[in-house]
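Kindly produce the complete structure, drawing on both the sequences and the hints.
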Amino acid sequence: RLEEAKQMLALMVSKDCLPNVTTYSSLINGFCKCKRVKGGLEIFREMSQRGLVGDTVTYTTLIQGFFQAGDCESAQGVFEQMVSCGVPPDIWTYSILLDGLCKNGKLENALVIFHDMQKSEMELNIVSYNIMIEGMCKAGKV
1 RLEEAKQMLA LMVSKDCLPN VTTYSSLING FCKCKRVKGG LEIFREMSQR
51 GLVGDTVTYT TLIQGFFQAG DCESAQGVFE QMVSCGVPPD IWTYSILLDG
101 LCKNGKLENA LVIFHDMQKS EMELNIVSYN IMIEGMCKAG KV
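Residue 25 in our numbering sits at position 25 of the sequence shown, with consecutive numbering throughout.
Hints may contain errors.
To be verified - For lysine-lysine, the following DSS-like pairs were computed, each having C-alpha atoms within a straight-line distance of at most 27 Å:
| hint | residue 1 | residue 2 |
| --- | --- | --- |
| 1 | Lys35 | Lys103 |
| 2 | Lys35 | Lys106 |
| 3 | Lys106 | Lys138 |
| 4 | Lys38 | Lys106 |
| 5 | Lys38 | Lys119 |
| 6 | Lys103 | Lys138 |
| 7 | Lys138 | Lys119 |
| 8 | Lys35 | Lys6 |
| 9 | Lys103 | Lys119 |
| 10 | Lys106 | Lys119 |
| 11 | Lys141 | Lys103 |
| 12 | Lys141 | Lys33 |
| 13 | Lys33 | Lys6 |
| 14 | Lys33 | Lys103 |
| 15 | Lys6 | Lys38 |
| 16 | Lys141 | Lys106 |
| 17 | Lys35 | Lys138 |
| 18 | Lys119 | Lys141 |
Quick caveat, the hints were computed from the structure, so don't treat them as lab data.
Following this line, the structure appears as structure tokens:
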């Protein structure tokens with residue numbers, strides 16, 4: 001059904017019904033959930049070429065998609081792009097980032113981000129702490 005959704009997007013554009021960030025984010029999410037994160041990235045690029053800037057949901061969806069595909073480097077790259085574009089990560093973005101790093105054996109990277117979160121005005125929640133505790137246990141650090 002993803003290809004049909006892409007065709008619907010093209011139809012929208014052809015009828016001068018311009019898609020917005022929510023439209024694109026929904027399609028990106030569909031691709032990522034079907035483990036086709038590269039397709040999601042293509043949609044993201046198309047959105048950018050149309051002059052739209054992704055929001056927190058858009059970037060977080062891509063980050064999660066790359067982690068689920070086992071591509072930590074791309075996930076971190078999307079996060080860095082998000083920050084450099086001035087799109088503010090929220091607690092869920094950080095939770096997905098921490099979880100992805102811990103599950104992919106990058107505990108030290110996760111700890112750096114966790115400490116940065118503590119220094120910032122980001123309010124940590126139980127999910128953040130649980131992710132880090134689980135990550136440290138799996139790495140034999142507890």
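Hints and how they fare:
A hinted pair counts as satisfied when its Cα atoms are at most 27 Å apart, and Lys35 with Lys103 qualifies at roughly 17 Å. A hinted pair counts as satisfied when its Cα atoms are at most 27 Å apart, and Lys35 with Lys106 qualifies at roughly 22 Å. Restraint check for Lys106 and Lys138: the C-alpha separation of about 11 Å stays at or below 27 Å, so the hint holds. A C-alpha spacing of about 23 Å is found between Lys38 and Lys106, which places the hinted pair at or below 27 Å, so the restraint holds.
A C-alpha spacing of about 34 Å is found between Lys38 and Lys119, which places the hinted pair above 27 Å, so the restraint is violated. With a C-alpha separation of about 9 Å, the suggested pairing of Lys103 with Lys138 holds against the 27 Å cut-off. Taking the CA atoms of Lys138 and Lys119, the gap is near 25 Å; set against the 27 Å cutoff, the hint holds. For the given pair, Lys35 sits about 16 Å from Lys6 by alpha-carbon distance, which is consistent with the 27 Å threshold.
At most 27 Å may separate the alpha-carbon atoms for a hinted pair to count; Lys103 and Lys119 meet this at roughly 24 Å. At most 27 Å may separate the alpha-carbon atoms for a hinted pair to count; Lys106 and Lys119 meet this at roughly 20 Å. With a C-alpha separation of about 14 Å, the suggested pair Lys141 and Lys103 falls inside the 27 Å cut-off, and the hint holds. Proposed proximity of Lys141 and Lys33 is contradicted: the alpha carbons are some 32 Å apart, above 27 Å.
For the proposed pair Lys33 and Lys6, the alpha carbon gap of about 15 Å is at most 27 Å, so the pair holds. Straight-line distance between C-alpha atoms of Lys33 and Lys103 comes to about 18 Å, which keeps the hinted pair within the 27 Å bound. Distance check on the hinted pair: Lys6 and Lys38 sit about 14 Å apart at the alpha-carbon level, within 27 Å; holds. Restraint check: the Cα-Cα separation between Lys141 and Lys106 comes to about 13 Å, which is no more than 27 Å; the hinted pair holds.
Using a Cα cut-off of 27 Å, the hinted pair Lys35 and Lys138 holds, with the two alpha carbons roughly 25 Å apart. Proximity of Lys119 to Lys141 is assessed by CA-CA distance (about 22 Å); at most 27 Å being required, the pair is judged to hold.
Violated hints for the displayed structure, listed by number in ascending order: 5 and 12.
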